[in-house]
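Student: Whenever a hint applies, use it, and build me the whole structure from the sequences.
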Amino acid sequence: MDNEKIAKVLGQLADLLEFTGANAFRLRAYRNGARKIKELPESISSLVDQKSDLVKLDGIGKSVAEKCIELCETGKLKQMDELLEEIPSTVLDLLNVPKMGPKKAAAVFHELGVENLEQLKAACEAGEVSQLSGFGKKTEQAILDGIAIAVAANERILWSAADKIVTKLRSHMQNCTAVGGLEFAGSYRRGKETVGDLDMLATSTDATAVMDHFAEFEDITSTIVRGDTKMSVRLDDEFQVDLRVVPEESFGAALQYFTGSKEHNVQVRSKAKQLGLKINEWGVYKIDGETEQWVAGTTEADVYKTLSLPCFEPELRESRQEFDWAELDQLPDLITVEDMRGDLHMHTTASDGRASIREMADAARQRGLEYIAITDHSKRVTMANGLDGQRLLAQWKEIDAINAAAEDDFVILKGVECDILENGDMDIEDDVLQHADWVIASVHYGQNQPRQQITDRIVGAIANPNITMVAHPTGRLLNKREAYELDLNAVFQAAVEHGKLLELNANPIRLDLKDTYLAAAKRNGIPIVINTDSHRPAGFADMRFGIKQARRAGLTKSDVANTKKVNQLLKLIGKA
DNA sequence: GCCGTTTTCGGCCCGACTGTTTTCAGTCG
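Residue numbers for the first sequence follow this note's numbering, so the first one is 623 and each next one is one higher.
Incorrect hints may have been included.
Said to hold, decoys possible - The calculated DSS-like cross-link candidates involving lysine-lysine, where the alpha carbons are at most 25 Å apart (straight line), are:
1) K673 / K726
2) K678 / K884
3) K627 / K673
4) K1102 / K1179
5) K630 / K1102
6) K630 / K660
7) K721 / K700
8) K1186 / K1136
9) K1144 / K678
10) K760 / K725
11) K1197 / K1179
12) K1193 / K1144
13) K630 / K725
14) K884 / K1136
15) K658 / K684
16) K630 / K678
17) K852 / K759
18) K893 / K927
19) K678 / K893
20) K721 / K743
21) K743 / K760
22) K759 / K743
23) K627 / K660
24) K1102 / K658
25) K743 / K786
26) K900 / K884
27) K743 / K673
28) K630 / K1136
29) K1019 / K1001
30) K852 / K760
31) K726 / K900
32) K884 / K852
33) K893 / K908
34) K927 / K900
Treat the hints as calculated values from the structure; they're not laboratory data.
Tutor: Below, the structure written as structure tokens:
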């Protein structure tokens, strides 16, 4: 059983227990444990096999550890099965309905026998829900409206898609003279790979004018709430945008507060409490008996400074290691787009790209890059017109000629994205590969193979002396396809043993490796390569998505191989 | 249920908004 699954079961267990009115802190402990397990690069299942003491892991105590062991050894939880005899699992779907929390869901379940969304809809339409204590006509209607949303809008959108909405909203809001500062907080600002909603923050002395202006945004289809300082709307019947309007002196506090993450803020505010301070979205207050005195809030840096903390980069605010790093004065100096010198994964018209070698090279030059690698698909990828040995050798000859004729120092490396075949063989013969500067190995077929088999394929490729890097190592596509079953620790070990590199694919739907895996690769000392996998010149712009992801992993310039000058890179991979 | 440079027991972040209420519970972020 993989970590993802274990985390999911623990989360469901917490949800079910919430129906039974369990202690809120116990639920938090389960959910916190689930989060930690989900982010863990080591497989819990392997740790259990090795009889490692799970309690040593942060956030995992005796109880969660026992549940992990039970899950790994039997594939299920006795406690969970017992709960499911009382509460059907479909009841958990009720929690996806906006304005339906555990209390309301428990009420309709216990008092009306509602077990799923369909029955909830029927009960609302029959007017039964509004008869319950604590419910009224408005709540009933809100639930009815919410059922459609629960079905349609529970998918998070890609960061890149959120960024497009932000650009449009920003330009709309800047036409409002009442708006002073404007910033987008939340998971968008932290650069998470997907975004659930947008948190827009504005400073103004006239909140009404700001909200009125916001209400005119063309994509708004409904208003969820509107108060004195807060307004929430839905765009295109799905995506939610929240607006908060605060005075200028609260901008930093509000930005800190709404950027989150929730777990990061819990730590920040706990720390404040220890120091006799209170932090909310309006500022930092010194508590003196009964009185509260405002001491900071204009900028985020001021807020953190009152706690003797550095102003963490938003990408690091996940309550992972940032507080430990701060304590040791070891916060990483995060990588930026400007640090990048090369891009080592791209396609041309020879396979499934849309531009020639020269066009790709010129586009890279214009972006200020110093080198690229041309890495078209190998022959197994027939759909993409992949190249065989003969065509590759011809292409590399062409690249030699282009390099020789170049009037500047820009370098095109001769490469290939070589398929790792289902049986573990490489798609291109070694006597061809050995003439390349840069060989990417990647899996495109047989992604559903069992864990051991697919791990062996990738580990085998890493052991091949002609291979330089493994591309998109887990194969996941955000919101579309799960990562393949892979023993990542084995892959890391092989990469370390053979001195190989791993890719962070910057394509916004891939972002593979994900942040916690990148951080684990870094701990192992494995160099990361951030590539756009461009199929056209405009594709180079995707580099910023990869950089966001790298920053979330705490990567610095020195952790990423293609920040090096080309001769240093070639030295690193043993080609110079 | 988890955790500990004041603690192995006693804490565990904080406020806006709504609807159903006569002072507050539930939901959300």
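Student: Kindly indicate which numbered hints from before are broken by the structure, ordering the numbers from low to high.
Tutor: 1, 4, 7, 25, 27, 31
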